[in-house]
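Novice: So the chains spell out like this:
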Amino acid sequence: MQDGISAERAAAMIPDGASVMFGGFLGVGSPDRVIDALVARGARGLTLICNDTASPGRGVGKLIEAGCVAHVKASHIGTNPTTQKKMISGEIEVELVPQGTLAERIRAGGSGLGGVLTRTGVGTVVSEGKQVLEIDGESFLLEMPLRADFALLRAHEADHFGNLTYRLTAANFNPVMAFAADCVIAEPEEIVPVGVIPPDAVRTPGVLVHHLVRRPQ
Amino acid sequence: MQDGISAERAAAMIPDGASVMFGGFLGVGSPDRVIDALVARGARGLTLICNDTASPGRGVGKLIEAGCVAHVKASHIGTNPTTQKKMISGEIEVELVPQGTLAERIRAGGSGLGGVLTRTGVGTVVSEGKQVLEIDGESFLLEMPLRADFALLRAHEADHFGNLTYRLTAANFNPVMAFAADCVIAEPEEIVPVGVIPPDAVRTPGVLVHHLVRRPQ
Amino acid sequence: MEAKEVIARRVALELRDRTLVNLGIGLPTLVACYVPAEISVAFQSENGIIGFGEPPPDGLEDPYLTDAGGGYISALPGAAAFDSATSFALIRGGHLDMTVLGGLQVDSSGRLANWMVPGKLVPGMGGAMDLVAGAKRVIVAMQHTAKGQPKIVEALTLPPTAARRISLIVTELAVIEPTDEGLVLRERAPGVSVETVVASTGAKLLLDGDTPTMPIVSPERVAA
Amino acid sequence: MEAKEVIARRVALELRDRTLVNLGIGLPTLVACYVPAEISVAFQSENGIIGFGEPPPDGLEDPYLTDAGGGYISALPGAAAFDSATSFALIRGGHLDMTVLGGLQVDSSGRLANWMVPGKLVPGMGGAMDLVAGAKRVIVAMQHTAKGQPKIVEALTLPPTAARRISLIVTELAVIEPTDEGLVLRERAPGVSVETVVASTGAKLLLDGDTPTMPIVSPERVAA
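Residue numbers (the working numbering), protein chains in the order written: chain B, 1 to 217; chain U, 1 to 217; chain G, 1 to 224; chain Y, 1 to 224.
Honestly, the hints are just simulated from the structure, not real lab data. Note that CB positions come from ideal geometry on N, CA and C, so glycine has one too. A hint or two may mislead.
[What the hints assert, rightly or not] Using 30 Å as the maximum straight-line C-alpha spacing, the simulated DSBU-like pairs for lysine-lysine come out as follows:
(1) G:Lys-136 with B:Lys-130
(2) Y:Lys-120 with U:Lys-85
(3) Y:Lys-4 with Y:Lys-147
(4) Y:Lys-120 with Y:Lys-204
(5) B:Lys-85 with B:Lys-130
(6) Y:Lys-147 with U:Lys-85
(7) U:Lys-130 with Y:Lys-120
(8) G:Lys-4 with G:Lys-120
(9) B:Lys-85 with G:Lys-120
[To be verified] Counterexamples of contact, computed for chain B against chain U with all Cβ distances above 10 Å:
(10) Ala-37
(11) Gly-45
(12) Thr-47
(13) Gly-57
(14) Lys-85
(15) Glu-91
(16) Glu-128
(17) Cys-183
(18) Arg-215
The whole structure should be built from the sequences, with the hints applied where relevant.
Specialist: Written out as structure tokens, the structure is:
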């Protein structure tokens, strides 16, 4: 693991137009300091991959409001009226993905699998334009793997190797996103020396993490 | 979680001819006391789903030697000459599955997925008789989900709800097998009251575990 | 008794001992208040926890411990936390014994629509499609009508949540079970006639002998 | 220097700083003894750990801490343990920078056979097929011949481990790189002539100018 970087440095690494996975569930477990820095640097044209768009002023909701976002792939945008307004006005394109399918598509993208075969979405608008496979007499939708240029994670502890832990429901999409991006940046609450996190407590192995965001100086 | 059961009781619950997943990697992380009890009760015709068949006198190797086994689905049998001998004599039927594919097939079986799409095995004997899908110009093998009648797990700690932890490399196939059987029996080193294992340390939620094997009296 | 309370109390009678249950946001969440005292249920929240309880006392909230609606919760002793992939492995792998969801429409084939109103409301499906496709039992807890219009209809006019037939509909007027033959009226609410139920329903209801009155878990049987 | 040591020392030069590496059982395991001092490599064992080291002192073995060959190992500070599904998500998801595997045969198209000899030896593929299909670089570390017969052949006679072309072959005689054009002889071992390599090889070797002598990491550069 290299030295910790500032949230501003992390935001500067992410170019306009990049696809970015954000951990978080209604803003819980979001990389909030990097989000603030992305807003501050005036990022534009981002593709967000995230469970939801939180609410105005919270989590990735700040990016929506600040006009940083061109595309959203999420399971739910109902808690953020701004996302809905911008979708209707055509400013933001939204792809809605069932929550479990979103998690599995990201996992497939990070695990080298060719796709996900799921019952979820069969017989609904989600299946439109997608291949349906009959397996053992049952229909399964073939959903494509998802990857991104960046994954921005919120962790509880990180050690100097980048090993991560998460806290309660703040884990959500963070662990699975750690596998699925070309560059993984984690924003931990605490940074501890190597050896402080026992091997069985590590939930994301440090080899997956490219940069740690350091605490404000 | 009901009261803990004895290893003998666990072995008695598993009828001859049942399909059984066994955690363990070369005997490390195997449910050894239930294995001994299965040998003692003279189980017959079992289908074993496990990474390997360990070695004679160790882990599931004991079941092979004692004549309990009719079928084996495993990634490796090279460390157990008895398995090889019985395979050649026709006493045991062996299906060899690449280790990562075995883990994913079990995960698919436990997660309601219709199959696994993997590069592993394409262009090898593993692909014989299986469907190959072209996805984005690349070939992926369609591998079927795996489930069993029983999963026998070795855990480190269990609480009275059946929440489980594992230790270092003794985790291996245990966590994924916990999802993939009709009846899941865990053999922990330690049984602790509810509340002793913190929520973030739980690696198998207790709702998946049907029976805990108690310590010898 | 308010409509929502009637519904929540009746749904609570569907809870079984030692099962894993997911309650949707809104009305279904109320079901947790009426768990019969003699049974023990583990509640799952799809954002990643099994074993949560009432909101914590004022000032003791943990910002990293919330339910799928974003509200603060408590963890009960024996709780287990996990990530989204594990959460949906539980939901889609058949490990969830029951889910209770709200509904916009249910049709005569038992299909549910509950995630969007084209041109009006496009919140997204969240975990609803996975829950309906994956849970062993799917209970729809909803008011019988909306703005005087029946929500139980011959054929959905809203986009379905899943192809699958749901298990049971519980409203403030009736309990209705979708079957191969169609929608069967199983129970009517106290003081509600079969005719009232039929008049408020937009799909054909089959009667199965006398229609008994809905039993509702009484206050004294509710867990403290 | 013994053949195995030559091979392990040369393979060690392929290690890059801050990478994740999986070493197969047997000869490849020796590579860990020759990691150049200036680089830091994380070793993965597919049974579920990153960051392990030498066997522990006598009597301090942990029965739940072993490598993929079943031998006792130590965990280094910063080690991470995980289950088999996670382990192979790392291997197949492109997170493993390099794997070093033994080989029975490699053919002119760069395909590897290393998991069975029909009718003789059927140990199973273990993780080999996943490693060859998934690692960014696949290095085959093997002796150049077996019982006097070439192991580098025009076309495999043994069942392939994967359809994919491996990255590099390192033997005690030579370093050979499979390319679109065929097998290119990149290096020869100290004191070994190109003619000797060609004579010991069952497939056509392409020469790319002078064939330099294999650099081998010297003892003083090895990490303590």
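Novice: Each hint: holds or not?
Specialist: Results for each hint:
no.: 1; hint: G:Lys-136 with B:Lys-130; in the structure: 26 Å, holds
no.: 2; hint: Y:Lys-120 with U:Lys-85; in the structure: 11 Å, holds
no.: 3; hint: Y:Lys-4 with Y:Lys-147; in the structure: 16 Å, holds
no.: 4; hint: Y:Lys-120 with Y:Lys-204; in the structure: 28 Å, holds
no.: 5; hint: B:Lys-85 with B:Lys-130; in the structure: 28 Å, holds
no.: 6; hint: Y:Lys-147 with U:Lys-85; in the structure: 25 Å, holds
no.: 7; hint: U:Lys-130 with Y:Lys-120; in the structure: 25 Å, holds
no.: 8; hint: G:Lys-4 with G:Lys-120; in the structure: 25 Å, holds
no.: 9; hint: B:Lys-85 with G:Lys-120; in the structure: 11 Å, holds
no.: 10; hint: Ala-37; in the structure: 28 Å, holds
no.: 11; hint: Gly-45; in the structure: 24 Å, holds
no.: 12; hint: Thr-47; in the structure: 18 Å, holds
no.: 13; hint: Gly-57; in the structure: 28 Å, holds
no.: 14; hint: Lys-85; in the structure: 34 Å, holds
no.: 15; hint: Glu-91; in the structure: 30 Å, holds
no.: 16; hint: Glu-128; in the structure: 18 Å, holds
no.: 17; hint: Cys-183; in the structure: 22 Å, holds
no.: 18; hint: Arg-215; in the structure: 21 Å, holds
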